[in-house]
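Produce the complete structure using the sequences and hints provided.
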Amino acid sequence: MELISQHAKKIMEGCKERARDNGLTFQDESLEYIVTNRDLLELSPKNMIPTLYDYWVQDVEVLKEKGRYELYPSNPYETVINTRPAISFYNDNNPDWLNVMIFYHVIGHIDFFQNNLFFRHTWDYDFASRALSDKRMIAKLRSEKGRWVDYIIEFARAIDNLVGYHQELAKFSSPQQEKTLNRLDFYFDVFLQEVKKVSVASYVNEIERFNTLLQENPKEAENQYIESVQSKYAEFESLYTKYKETKKQKKNQDIFEFLMEHSEFLNKEENRWMLMVMEAVRATSLYFQPQIRTKILNEGWASFWHEELFLKDDRINGHEIDFAVVNARVTAMPRVGLNPYALGMRLFSYIEELGNKGRISHDYKYLQDKELREKFDKETDSGRDYIFLVRENCSDSMFINTFIDQDFVDLHKLFVTGKRLNKERMTWQYYVKSRDAEQYKKMVLDSLYHPPSVEIRVTDDNSLLLEHVFEDKPLVREYIKGTMLGIEYLWGGQVFLDTSEAMMRSAKLPAQGMRRDEKPPQEIVWKRVRYRMKDKVLSRKDLN
Amino acid sequence: MIKELQAFYNRLKKQGLTPEQERVIELELKLIERYQDSGFDPQSSTRKMWQYNDLEILQNGAVMKMAYTSSQSIDDLIARDIQREKDGFPRKVRIGKMVKPSQDGDEKVVVVPTTVEEKLIHDQIRDNEEEGEGEGGSGEGEEGEVIGEQPVREEQGGQGGAGQGEGGAHETDSNAYDMGRILTEQFKLPNLKDKGKKRSLTRYTYDLTDKNRGFGQIIDKKATLRRLIETNIGLGRVQAGQQVNPNKLLISPADRVYRILSQEKDYESQAVVFFVRDYSGSMHGKPTELVVTQHVLIYSWLIYQYENQVETRFILHDTEAKEVDNFHTYYNLRVAGGTQVASAYKMVNDIVEEENLERDYNIYIFHGTDGDDWDTTGKETLPQLEKMLEYANRVGITVAENGYGISGSTEVEKYLKKSGLLDEKKDLLRLDVMKKESDESRLIEGIRKLIS
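If you read the sequences in order, they're chains Y and U.
Position 77 of the first sequence, counting from 1, maps to 77 under the numbering used here, and the rest follow consecutively.
Position 58 of the second sequence, counting from 1, maps to 58 under the numbering used here, and the rest follow consecutively.
In case anyone wonders, no lab produced these hints; they're calculated from the structure.
Among the hints, erroneous ones may be present.
Stated by the list, open to error - In silico DSS-like cross-links for lysine-lysine, where the CA-CA straight-line distance does not exceed 30 Å:
(1) Y:Lys378 <-> Y:Lys365
(2) Y:Lys441 <-> Y:Lys375
(3) Y:Lys473 <-> U:Lys435
(4) Y:Lys135 <-> Y:Lys481
(5) Y:Lys481 <-> U:Lys286
(6) U:Lys436 <-> Y:Lys473
(7) U:Lys48 <-> Y:Lys473
(8) Y:Lys46 <-> U:Lys86
(9) U:Lys13 <-> U:Lys379
(10) Y:Lys442 <-> Y:Lys527
(11) Y:Lys242 <-> Y:Lys179
(12) U:Lys92 <-> Y:Lys145
(13) U:Lys435 <-> U:Lys86
(14) Y:Lys375 <-> Y:Lys357
(15) U:Lys48 <-> Y:Lys441
(16) U:Lys13 <-> U:Lys418
(17) Y:Lys140 <-> U:Lys92
(18) Y:Lys541 <-> U:Lys92
(19) Y:Lys541 <-> U:Lys436
(20) U:Lys86 <-> Y:Lys140
(21) U:Lys436 <-> Y:Lys527
(22) Y:Lys135 <-> U:Lys86
(23) Y:Lys413 <-> Y:Lys370
(24) U:Lys86 <-> Y:Lys534
Unchecked claim - Distance windows between CB atoms, simulated:
(25) Y:Lys145 <-> U:Gly420: 54 to 62 Å
(26) Y:Ala437 <-> U:Lys435: 41 to 49 Å
(27) Y:Lys541 <-> U:Thr18: 27 to 35 Å
(28) Y:Ala139 <-> U:Ile82: 17 to 25 Å
(29) Y:Asn393 <-> U:Thr329: 52 to 60 Å
(30) U:Glu142 <-> Y:Leu367: 25 to 33 Å
(31) Y:Gln494 <-> U:Glu142: 54 to 62 Å
(32) Y:Asn393 <-> U:Glu289: 42 to 50 Å
(33) Y:Gln494 <-> U:Thr18: 40 to 48 Å
Computed from a predicted structure; not experimentally measured.
Beta carbons are placed, not taken as given, at the ideal position from N, Cα and C, and that holds for glycine.
As structure tokens, then:
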């Protein structure tokens, strides 16, 4: 790995100047390296972070079973990494004009990394340095503890997709924690409504009673009132104490934090080194989270700007056709398939145009008349500002959910492709399944990263209970065992996992008018099951 | 085809079938309708969203197509895995999983150490196998219009999708011999006890086997003494009934017998292995994978044991048997038909007879099936099997249950047990029954059962 030539660096600096003039904001410094295939060999298993810790799995082909890991995209594999300064990687022999294009693309990414709020938690430190110190720490531990370090890495990585990424982000946007209710609020908001489940009339009566007290004696009203409550309901005080305790416990911890704080095993003196390893794995995962969740936005944004800036650049006169060829390859909509560069870029252009015509407004949204809609143009010219807002505040799912509409789908002639077996011709046929914007949106959303959400509790007998929150999706069964094995080790005791499994059942009554040889429609029946991992043995039972 | 099968089924029904048998056969017939003759599994030819990346797209990098040079050898990885087992965790490195026999018939097994990082991840519900999942698309076309076709049977090399196709796989090239060595050494598979020497090869070794009188490299004491006594009897110095005085014996120079170095023809053992696999509809998915993986492992082990002197034959069967010429086809081909084990056994017997293999080869036959057989009593299969056992060194039958029937009572298993052949010819015939969920260690355990 070596730095790019002075000549190329000068081109890069020129690109930065022009990008800044167009409103992109990013740190001055950046590092550009030439990489050989050999370098890439080492870099790619480490997600392009040169200083990432070593782990034997990086030396092995990780099996991507068909259908499985398609749903579960591997970590990002990018030319630019979100470090301070940002680092980007290049082939050795790119011509100048191509470098200009790539540099703009890279600057687009850097701008995105440093301004999109989903990266907020990565702004205050340099991940490359942090990774380096973790790598050294792990290497040192390995020299002391040997293979056990790798087991801990393995078990920690098994749960690294469950990190509390959004909790981490929430720390930045809402500094005040959810408040613990005082007695009075607890009485009205929780006790009466959830515990006593009183009728609306008696609830209003209670409020009335309190208000009367308040008018009579504003200073003492609350105390008097609570005393009356306490004498009326003997259990009130103990329930309130219990509530305060659970509130204290429920610090919104993710599974890592929970295990690290509550596992007796991990907190034994001789095992405390494991906490360091887990923290390193957790930090690495948190660092990568926003990148997986902003693929379309990030690539779209970078493509939008490389096109915009390249065509304006005075230094590349005469290479427009070369550019067109490469740009088409990058940003053409494929006939079948989903190109995040192309989709993201088009969506940004589309939003910009909406903004320029003042169409991001109530007036336009509720306009029914087709002709008026087509002509609608307030000439607000606020499109550019608006896409900067989108780049700052959106993740992929918000981007897709908010901005893909029927107009966009029609404009670019998008559709959902279906694939079916044709038995006569012995072919898989690809066909236009739907041109409906909602269907298209759903298809894109389904392909986005979405790890399961798991709630953590400790049962009375000190077992760990993980509850997989039901979202119409089962877990991949084969992986449950390996994952729970690790959690059991880290927890130091029995672990339960509650999840839902789908069973296919032929609908009992065949639909009316169905031909006899047609297959009866299948329906999904959900079943809640509990897995138990004890002494490295997995068992499973139905819950309902 | 279905009509013929249906007729065949009706014939069987007349002869009497238990409800369980009927259920299994009907299910298989249903599977036929479902899969028809769908050959290879469908593979998406389009690029998924996550397969786009800057280096490849922007910089036109051929970077993804790299041969993986692992910094750890397979031996190291396996040593690590064995240690792992001692530490009380299940093994994690798999070696037979991504075997990619080449298509051109060149018998090379590629050993790819693989592993899975298990996590809790969401799965998809697949309710309809004839319908692939939706993808994006753009351009002209009415809803419902077909915009392209992809043959179900991929032509050679027709791989698409970066990172998923052949280019993307990281391979550690190694040959089957190495894999056999690993299996034998690391997984402690037994060595073959009796290799049996049959076929001569034009290979020579030099050994002290010829005898020469008068001079030579090493004196053959026993032969020399024998000649010496002979000479002395002739001279009358040794007589029956009298004490022999060794000091009085005369020694002629010609009595000394020596061994001298000579060229010898070497006899090496050689084997032919028949891999027989059921490829009927009910084998779809996991059973096929299990059987094929196990056969690759067995093949590798034999290659090592016979020091590459192994020939292979691949036979697939549903109700009819056919021979295919390479492992790739053997691995991938899938049809949806009924099941008649006898057809395959008969084919093996015919080949052995026609080519006179028995004289020159050690013959091994490994048969993988899900245990269904429409010949429910084995009345056609068993005679063929008995014939087979007359010449075979080992017949190993693997039943990988497909999960449709009742565990532990598949047709093949039942009639084999009933026939008593398993006990009678214990040295020649072995049966291994495994569940659908079996993993690699179970496969290797199975091999041990089949070959020890």
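Going through the hints against the structure:
1. Using a Cα cut-off of 30 Å, the hinted pair lysine 378 (chain Y) and lysine 365 (chain Y) holds, with the two alpha carbons roughly 14 Å apart.
2. Proposed proximity of lysine 441 (chain Y) and lysine 375 (chain Y) is supported: the alpha carbons are some 26 Å apart, at most 30 Å.
3. Between lysine 473 (chain Y) and lysine 435 (chain U), the direct Cα distance comes to roughly 26 Å. Compliance with the 30 Å bound is thereby established for this hinted pair.
4. Proposed proximity of lysine 135 (chain Y) and lysine 481 (chain Y) is supported: the alpha carbons are some 28 Å apart, at most 30 Å.
5. A distance of roughly 19 Å separates the Cα atoms of lysine 481 (chain Y) and lysine 286 (chain U); the hinted pair therefore holds under the 30 Å criterion.
6. For the hint linking lysine 436 (chain U) to lysine 473 (chain Y), the alpha-carbon distance of about 23 Å falls within 30 Å, and the restraint holds.
7. For the proposed pair lysine 48 (chain U) and lysine 473 (chain Y), the alpha carbon gap of about 21 Å is at most 30 Å, so the pair holds.
8. At roughly 29 Å between alpha-carbon atoms, lysine 46 (chain Y) and lysine 86 (chain U) fall within 30 Å of each other, so this suggested pair holds.
9. At roughly 15 Å between alpha-carbon atoms, lysine 13 (chain U) and lysine 379 (chain U) fall within 30 Å of each other, so this suggested pair holds.
10. For a cut-off of 30 Å, the pair hint linking lysine 442 (chain Y) to lysine 527 (chain Y) stands: about 25 Å separates their Cα positions.
11. A C-alpha spacing of about 16 Å is found between lysine 242 (chain Y) and lysine 179 (chain Y), which places the hinted pair at or below 30 Å, so the restraint holds.
12. As the CA atoms of lysine 92 (chain U) and lysine 145 (chain Y) are separated by approximately 20 Å, the hinted pair is consistent with the 30 Å bound.
13. With a C-alpha separation of about 25 Å, the suggested pair lysine 435 (chain U) and lysine 86 (chain U) falls inside the 30 Å cut-off, and the hint holds.
14. Restraint check for lysine 375 (chain Y) and lysine 357 (chain Y): satisfied, since their Cα atoms lie roughly 10 Å apart, inside the 30 Å limit.
15. For the hint linking lysine 48 (chain U) to lysine 441 (chain Y), the alpha-carbon distance of about 16 Å falls within 30 Å, and the restraint holds.
16. Using a Cα cut-off of 30 Å, the hinted pair lysine 13 (chain U) and lysine 418 (chain U) holds, with the two alpha carbons roughly 21 Å apart.
17. Restraint check for lysine 140 (chain Y) and lysine 92 (chain U): the C-alpha separation of about 24 Å stays at or below 30 Å, so the hint holds.
18. About 26 Å separates the Cα atoms of lysine 541 (chain Y) and lysine 92 (chain U), which keeps this hinted pair within 30 Å; it holds.
19. For the given pair, lysine 541 (chain Y) sits about 20 Å from lysine 436 (chain U) by alpha-carbon distance, which is consistent with the 30 Å threshold.
20. In summary, the hint linking lysine 86 (chain U) to lysine 140 (chain Y) is supported, as the alpha carbons are separated by about 24 Å, within the 30 Å threshold.
21. Restraint check: the Cα-Cα separation between lysine 436 (chain U) and lysine 527 (chain Y) comes to about 22 Å, which is no more than 30 Å; the hinted pair holds.
22. Between lysine 135 (chain Y) and lysine 86 (chain U) the CA atoms are separated by roughly 27 Å; this keeps the pair inside 30 Å, and the hint holds.
23. For the hint pairing lysine 413 (chain Y) with lysine 370 (chain Y), the CA-to-CA distance comes to about 19 Å; that is within 30 Å, so the pair holds.
24. Straight-line distance between C-alpha atoms of lysine 86 (chain U) and lysine 534 (chain Y) comes to about 18 Å, which keeps the hinted pair within the 30 Å bound.
25. Distance hint check for lysine 145 (chain Y) and glycine 420 (chain U): the Cβ-Cβ separation is about 56 Å, which falls inside the suggested range of 54 to 62 Å.
26. Range check, alanine 437 (chain Y) to lysine 435 (chain U): about 46 Å between beta-carbon atoms, so the 41 to 49 Å window is met.
27. At roughly 32 Å, the beta-carbon separation of lysine 541 (chain Y) and threonine 18 (chain U) lies within the given 27 to 35 Å, and the hint holds.
28. Taking the beta carbon of each, alanine 139 (chain Y) and isoleucine 82 (chain U) are about 24 Å apart, inside 17 to 25 Å as hinted.
29. Restraint check, asparagine 393 (chain Y) to threonine 329 (chain U): a C-beta distance of roughly 55 Å satisfies the suggested window 52 to 60 Å.
30. The hint said 25 to 33 Å for the Cβ distance between glutamate 142 (chain U) and leucine 367 (chain Y), and at roughly 28 Å that hint holds.
31. For glutamine 494 (chain Y) paired with glutamate 142 (chain U), a C-beta distance near 58 Å keeps the hint of 54 to 62 Å intact.
32. Between asparagine 393 (chain Y) and glutamate 289 (chain U) the beta carbon distance is about 46 Å. The supplied range of 42 to 50 Å therefore holds.
33. Checked against the hint of 40 to 48 Å, the pair glutamine 494 (chain Y) and threonine 18 (chain U) passes, with Cβ atoms roughly 44 Å apart.
When held up to the earlier numbered hints, the structure conflicts with none and fits them all.
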